[in-house]
Amino acid sequence: MASGVSGYAAISTRVRAMYSDLLTPQDMVRLSEAPDFASLISALKSTPYGKYISGLKDNELTPRRVILQIKNRLADSFSSVIQQAPEQTRPLVKQLYRYFEVGNLKAVLRSIQTVSSWNPEVTTWDRVREILFPFGSFNSIPAQAMVESGNVGTAVDLLKGTSYESTMSFAMKRFSAEQNLFPLEVALDLDYWRRLWAEARRLSGKDREMAVKIIGSLLDMNNLMWVIRYKIYHKLSEEELINYTLPFGFRVRDEDVRAIAAGSDIASVVSRIYPDVADVSALLENPQSGLPKLEHQLKLQVVKQCVAAFVGDPFHIGIPLAYLLLSDFEIQDLIVLIEAKSSNMADEAYRPLLLKTSLV
Amino acid sequence: MFFPKEMTEVELIIPSKDIVAIAKVLSGHGVFHQVDSTYLGLESLSSNTWQDKAANYSALERRIQSIMQTLGVIEEYPTKADAESMVELDAITPAVNRIDEEVKGISEQLSTAKKRLELFESQLRQLEPIADVKVEVGALNNSSYLHSILGLIPASNINRLKTSIGRVPHVFFTLREDSQKPVVWVLGPKSNADVLDRAAKSAYLNPLSLPEEFAGTPAEITNTLKREIEATKKKIVELETSILTVADRNKTELQKLLWDAHVSRVMADAIVRFGQLRHTYVVVGWVPTANLENLKTKLKNASKEVLIETTPTTRSGHNDNVPVALTDNKWLRPFKDLLTTYGRPSYGEFDPTILLALSFPLLYGAMFGDIGQGLVMMLGGFLAHNRIALKGLQSIGLLFVYCGISVTFFGFMYGSIFGFEGHYVHDYLGFDLHPVWLSPIHGENILSVLRVAIDVGIIILFLSYLLSFFNNIRVKDWSHLLFGHTGVVAFLFFVCFLSLLGGFLGSTPIAPQVALTISQLPLPFNILTPVFAFGLMFNGLFRNIAEGHKPYIEGGIAMFLVQSFMDLFEGVISMLSNTLSFVRVGAFAVAHGGLSLAIFALAGEEADLGFWITIALGNLFIIGFEGLIVYIQTMRLHYYEILGKFFHGGGMRFEPLKLKPTQEEA
Numbered sequence: 001m002a003s004g005v006s007g008y009a010a011i012s013t014r015v016r017a018m019y020s021d022l023l024t025p026q027d028m029v030r031l032s033e034a035p036d037f038a039s040l041i042s043a044l045k046s047t048p049y050g051k052y053i054s055g056l057k058d059n060e061l062t063p064r065r066v067i068l069q070i071k072n073r074l075a076d077s078f079s080s081v082i083q084q085a086p087e088q089t090r091p092l093v094k095q096l097y098r099y100f101e102v103g104n105l106k107a108v109l110r111s112i113q114t115v116s117s118w119n120p121e122v123t124t125w126d127r128v129r130e131i132l133f134p135f136g137s138f139n140s141i142p143a144q145a146m147v148e149s150g151n152v153g154t155a156v157d158l159l160k161g162t163s164y165e166s167t168m169s170f171a172m173k174r175f176s177a178e179q180n181l182f183p184l185e186v187a188l189d190l191d192y193w194r195r196l197w198a199e200a201r202r203l204s205g206k207d208r209e210m211a212v213k214i215i216g217s218l219l220d221m222n223n224l225m226w227v228i229r230y231k232i233y234h235k236l237s238e239e240e241l242i243n244y245t246l247p248f249g250f251r252v253r254d255e256d257v258r259a260i261a262a263g264s265d266i267a268s269v270v271s272r273i274y275p276d277v278a279d280v281s282a283l284l285e286n287p288q289s290g291l292p293k294l295e296h297q298l299k300l301q302v303v304k305q306c307v308a309a310f311v312g313d314p315f316h317i318g319i320p321l322a323y324l325l326l327s328d329f330e331i332q333d334l335i336v337l338i339e340a341k342s343s344n345m346a347d348e349a350y351r352p353l354l355l356k357t358s359l360v
Numbered sequence: 001m002f003f004p005k006e007m008t009e010v011e012l013i014i015p016s017k018d019i020v021a022i023a024k025v026l027s028g029h030g031v032f033h034q035v036d037s038t039y040l041g042l043e044s045l046s047s048n049t050w051q052d053k054a055a056n057y058s059a060l061e062r063r064i065q066s067i068m069q070t071l072g073v074i075e076e077y078p079t080k081a082d083a084e085s086m087v088e089l090d091a092i093t094p095a096v097n098r099i100d101e102e103v104k105g106i107s108e109q110l111s112t113a114k115k116r117l118e119l120f121e122s123q124l125r126q127l128e129p130i131a132d133v134k135v136e137v138g139a140l141n142n143s144s145y146l147h148s149i150l151g152l153i154p155a156s157n158i159n160r161l162k163t164s165i166g167r168v169p170h171v172f173f174t175l176r177e178d179s180q181k182p183v184v185w186v187l188g189p190k191s192n193a194d195v196l197d198r199a200a201k202s203a204y205l206n207p208l209s210l211p212e213e214f215a216g217t218p219a220e221i222t223n224t225l226k227r228e229i230e231a232t233k234k235k236i237v238e239l240e241t242s243i244l245t246v247a248d249r250n251k252t253e254l255q256k257l258l259w260d261a262h263v264s265r266v267m268a269d270a271i272v273r274f275g276q277l278r279h280t281y282v283v284v285g286w287v288p289t290a291n292l293e294n295l296k297t298k299l300k301n302a303s304k305e306v307l308i309e310t311t312p313t314t315r316s317g318h319n320d321n322v323p324v325a326l327t328d329n330k331w332l333r334p335f336k337d338l339l340t341t342y343g344r345p346s347y348g349e350f351d352p353t354i355l356l357a358l359s360f361p362l363l364y365g366a367m368f369g370d371i372g373q374g375l376v377m378m379l380g381g382f383l384a385h386n387r388i389a390l391k392g393l394q395s396i397g398l399l400f401v402y403c404g405i406s407v408t409f410f411g412f413m414y415g416s417i418f419g420f421e422g423h424y425v426h427d428y429l430g431f432d433l434h435p436v437w438l439s440p441i442h443g444e445n446i447l448s449v450l451r452v453a454i455d456v457g458i459i460i461l462f463l464s465y466l467l468s469f470f471n472n473i474r475v476k477d478w479s480h481l482l483f484g485h486t487g488v489v490a491f492l493f494f495v496c497f498l499s500l501l502g503g504f505l506g507s508t509p510i511a512p513q514v515a516l517t518i519s520q521l522p523l524p525f526n527i528l529t530p531v532f533a534f535g536l537m538f539n540g541l542f543r544n545i546a547e548g549h550k551p552y553i554e555g556g557i558a559m560f561l562v563q564s565f566m567d568l569f570e571g572v573i574s575m576l577s578n579t580l581s582f583v584r585v586g587a588f589a590v591a592h593g594g595l596s597l598a599i600f601a602l603a604g605e606e607a608d609l610g611f612w613i614t615i616a617l618g619n620l621f622i623i624g625f626e627g628l629i630v631y632i633q634t635m636r637l638h639y640y641e642i643l644g645k646f647f648h649g650g651g652m653r654f655e656p657l658k659l660k661p662t663q664e665e666a
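Those sequence lines, one after another, are chains A and B.
Each residue of the first sequence is one higher than the one before, counting from 1 in the numbering used here.
Each residue of the second sequence is one higher than the one before, counting from 1 in the numbering used here.
Source of the hints: derived by calculation from the structure; they are not laboratory data.
Be aware that a few hints might be false.
Computed list of lysine-lysine pairs in DSBU-like fashion (alpha-carbon distance at most 35 Å, straight line) [to be verified]:
id, chain 1, residue 1, chain 2, residue 2
1, A, Lys293, A, Lys231
2, B, Lys476, A, Lys160
3, B, Lys201, B, Lys17
4, B, Lys476, B, Lys336
5, A, Lys231, B, Lys181
6, B, Lys330, B, Lys17
7, A, Lys231, B, Lys162
8, B, Lys181, B, Lys201
9, B, Lys201, A, Lys293
10, A, Lys235, B, Lys162
11, A, Lys94, B, Lys181
12, B, Lys190, A, Lys173
13, A, Lys173, A, Lys231
14, B, Lys17, A, Lys160
15, B, Lys181, A, Lys235
16, A, Lys173, B, Lys201
17, A, Lys94, A, Lys304
18, A, Lys213, B, Lys330
19, A, Lys213, B, Lys162
20, B, Lys235, A, Lys173
21, A, Lys160, B, Lys201
22, A, Lys304, A, Lys45
Residues from chain A that keep clear of chain B, each with C-beta distances beyond 10 Å, as calculated [stated by the list, open to error]:
id, residue
23, Val29
24, Ser42
25, Ser80
26, Thr154
27, Ala171
28, Ile242
29, Arg258
30, Ile273
Computed from a prediction, not measured in an experiment: that's the story for all the values here.
The beta carbon of each residue, even a glycine, is placed where N, CA and C say it ideally should be.
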């Protein structure tokens with residue numbers, strides 16, 4: 001089993017090369033200064049994303065299509081890392097990648113629920129395929145067959161033999177009774193993060209230390225946002241909040257989640273965990289606008305953790321994981337830009353949401 | 001044989017009183033392809049009552065089929081029908097109603113019993129995990145002070161569930177440990193029922209839905225359920241026996257009723273498409289010319305006053321509306337099927353079935369030459385064709401026979417029997433076998449085989465170009481004849497291209513002889529090549545001019561020139577790939593020898609039992625695996641390299657009115 005210097009020599013060099021290809025904060029500022037969508041695309045063509053969108057004809061340069069194309073870069077990064085990662089760390093990277101498959105699965109289920117409101121001239125599958133992450137050969141869900149089944153129950157039956165079968169079989173009972181996708185989506189999320197955490201904990205030495213730090217930071221953000229959103233928006237009870245969250249993470253402890261579930265002041269709990277996040281109380285006063293900002297702050301914490309992974313000993317899984325998360329955040333920024341420019345949104349409305357420019 | 005059957009257009013004017021008799025003749029002989037002529041009728045006439053009749057007959061036919069399906073009676077039409085005329089609905093409906101009533105009663109009981117059985121079995125499955133729990137389930141559910149939840153939960157949620165109910169008094173039991181679906185039991189005070197329920201629900205604890213009508217411990221309920229299941233199964237058997245009895249009693253009558261309804265429906269459907277005039281009907285359709293006189297006689301016998309007008313059809317010009325009936329020769333059927341999979345010839349087009357019948361086995365055998373394997377293939381094909389064995393392959397049995405003959409022939413040419421070649425034949429089989437031509441696997445023969453394959457390919461491509469000319473001349477499509485992608489200009493450029501290829505490969509062993517011969521012809525290829533390249537480059541433009549259209553240059557001159565150059569480039573690439581595509585014929589002949597050698601390497605040298613078993617299994621593997629691959633390659637050569645050159649297809653299928661579907665359609 002290759003590990004340490006021998007295992008990471010190749011992947012570390014490769015990832016560092018790819019890391020240097022990520023957009024700089026200055027690049028992102030330049031892109032955000034594009035006056036409209038067409039100028040943004042033209043500016044994007046001179047970045048490493050250029051090769052992913054240059055193949056599109058003029059009439060295909062729609063925001064949705066461009067977003068799909070640039071996601072291909074992340075898919076390529078994952079494939080590359082999975083292929084080169086030391087054998088013992090591959091299950092973790094693959095599970096991290098499954099995040100996008102879980103997203104695809106949710107999109108498929110939502111499309112089945114909402115299909116009746118769509119334009120009948122475009123087939124449902126044609127609509128859905130445009131928003132799915134280009135998962136390629138790693139895909140394990142029969143997305144097209146599921147969409148075409150037109151029924152959530154039948155679609156879930158098609159997941160037989162996949163890693164989602166067991167989770168979905170439990171959650172389907174609730175869906176059948178409530179006709180609401182919420183229990184299915186929560187079950188998928190919990191299962192995904194449990195598996196990811198288990199894979200991180202399965203590693204040893206420096207790999208485990210870095211994986212727990214990076215994956216744990218990501219999990220912290222999700223867990224905290226879940227409990228806050230479920231409490232504020234869904235008004236769930238204490239026992240439901242506990243069951244819909246996870247008892248592990250890097251900085252967020254089970255006691256913190258339980259404290260929020262039991263009714264403690266959310267702002268003081270968050271400030272205790274993240275002392276450098278300022279004005280949490282102010283953000284929570286108006287959840288509608290404050291929660292996205294809080295999430296942005298928590299994402300910055302993850303970004304900082306990822307950037308820190310590139311300092312010091314380079315022979316561990318932390319560097320590939322950090323690179324993949326930074327790539328994902330970068331694409332999230334680009335999606336914000338594309339959507340903002342295509343809908344002529346005012347600069348002040350979207351610029352605070354860009355992660356990369358917040359680092360300048 | 002070389003063209004679809006000659007067709008004649010027929011128009012009939014029928015007095016109203018004779019429409020049923022005429023419909024009977026038209027649908028009873030399987031030679032009349034009806035064309036919808038309702039548009040020829042008078043719109044002002046009242047709505048067509050035949051439409052209602054046809055719908056009623058169709059519904060009745062479906063109803064009878066459904067009854068027969070429920071009873072398990074096979075749908076069979078009589079071999080020699082007593083009645084081939086329309087039967088009034090009232091004459092058959094009462095009998096259908098009577099049988100339907102009888103069947104419905106039993107089938108509903110059967111369906112209910114099956115559902116009941118399914119429910120019991122599902123409840124039994126749910127009880128299995130708690131079969132050994134000695135608690136009265138009903139008593140727990142009806143407890144005044146305790147709230148109880150018993151069910152399955154994802155193993156990963158157990159700890160979280162325990163945490164979530166930590167603030168209320170409770171008792172938690174894991175009744176069955178399981179890595180996936182453990183069974184748990186949560187008990188708490190009734191006053192905290194809402195908390196417990198919310199916690200259970202959010203932890204995805206699925207409560208067991210136990211039958212309310214059964215009381216006692218899980219073990220007692222299990223026993224009761226098992227008794228109920230046995231009783232229900234017995235009832236199902238009894239009902240199925242009753243169904244069989246009803247089926248036996250009514251089988252003949254149902255088949256007769258189905259036939260009557262079917263015949264009436266087919267005729268009514270035909271009449272619906274007649275054009276209705278004031279006192280007459282007009283019918284239009286197509287008949288193979290060979291069957292015309294016979295049909296006319298029968299029509300005259302059915303109605304003295306019918307007017308028959310016939311219009312012979314020429315094969316030239318546009319005749320897309322003419323249905324295409326291919327010659328029905330049972331010996332050529334496998335090749336007809338191969339062709340129609342690709343496309344159906346149009347009426348004026350050359351029917352390449354006979355060409356396929358020659359080239360398909362030839363190319364197949366050349367890739368697979370082996371006497372023994374060819375004979376086995378022939379035998380397999382014969383058994384499949386005659387439904388003695390391999391019944392699933394009946395439709396391609398005859399193709400196996402033809403390919404087997406060709407494989408055997410090439411086996412003699414290559415001197416190979418069951419993979420044994422050269423001295424191995426003498427050493428292991430005890431007789432001598434010398435290749436009539438050469439053994440593809442040995443030494444320089446490899447290059448010779450590849451070269452000959454390309455030569456054969458070039459000759460086949462020449463033939464394909466000539467057939468394309470022939471088709472274009474027949475339909476008088478002069479623009480495509482000259483400037484089509486397989487027109488004269490393209491052909492002449494192909495000849496020039498071969499001269500270049502011949503010159504380039506020179507005296508190398510792979511140089512195809514045809515190309516060499518062409519390159520040595522006393523023709524100024526250095527002048528002709530650019531001339532025909534120019535023609536090929538602008539063939540679209542020339543074709544437009546030849547068709548009398550104004551030349552259309554899309555996107556400006558510069559773009560047009562770039563596009564034309566790319567067309568020429570693509571043309572050269574496709575000529576090269578088309579020609580080299582036939583290398584595969586030689587390559588597979590060599591690979592076949594190689595595969596046999598691999599089997600021998602596995603078998604060893606000692607001719608013991610193991611050796612012969614390995615050889616036998618190896619041969620079976622080669623016949624199955626390589627046989628399939630060679631089949632796909634042969635089909636690919638025909639579909640892409642040969643038919644694509646001259647065959648357009650798109651002919652309309654000849655679908656005559658008939659009472660019984662043919663075996664093929666059935």
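Going through the hints against the structure:
no.: 1; hint: Lys293(A) / Lys231(A); result: holds, 17 Å
no.: 2; hint: Lys476(B) / Lys160(A); result: violated, 59 Å
no.: 3; hint: Lys201(B) / Lys17(B); result: violated, 74 Å
no.: 4; hint: Lys476(B) / Lys336(B); result: holds, 26 Å
no.: 5; hint: Lys231(A) / Lys181(B); result: holds, 29 Å
no.: 6; hint: Lys330(B) / Lys17(B); result: violated, 40 Å
no.: 7; hint: Lys231(A) / Lys162(B); result: holds, 20 Å
no.: 8; hint: Lys181(B) / Lys201(B); result: holds, 15 Å
no.: 9; hint: Lys201(B) / Lys293(A); result: holds, 32 Å
no.: 10; hint: Lys235(A) / Lys162(B); result: holds, 21 Å
no.: 11; hint: Lys94(A) / Lys181(B); result: holds, 25 Å
no.: 12; hint: Lys190(B) / Lys173(A); result: holds, 24 Å
no.: 13; hint: Lys173(A) / Lys231(A); result: holds, 24 Å
no.: 14; hint: Lys17(B) / Lys160(A); result: violated, 63 Å
no.: 15; hint: Lys181(B) / Lys235(A); result: holds, 30 Å
no.: 16; hint: Lys173(A) / Lys201(B); result: holds, 10 Å
no.: 17; hint: Lys94(A) / Lys304(A); result: holds, 23 Å
no.: 18; hint: Lys213(A) / Lys330(B); result: violated, 75 Å
no.: 19; hint: Lys213(A) / Lys162(B); result: holds, 27 Å
no.: 20; hint: Lys235(B) / Lys173(A); result: holds, 32 Å
no.: 21; hint: Lys160(A) / Lys201(B); result: holds, 23 Å
no.: 22; hint: Lys304(A) / Lys45(A); result: holds, 28 Å
no.: 23; hint: Val29; result: holds, 39 Å
no.: 24; hint: Ser42; result: holds, 22 Å
no.: 25; hint: Ser80; result: holds, 31 Å
no.: 26; hint: Thr154; result: holds, 19 Å
no.: 27; hint: Ala171; result: violated, 6 Å
no.: 28; hint: Ile242; result: violated, 4 Å
no.: 29; hint: Arg258; result: violated, 7 Å
no.: 30; hint: Ile273; result: holds, 19 Å
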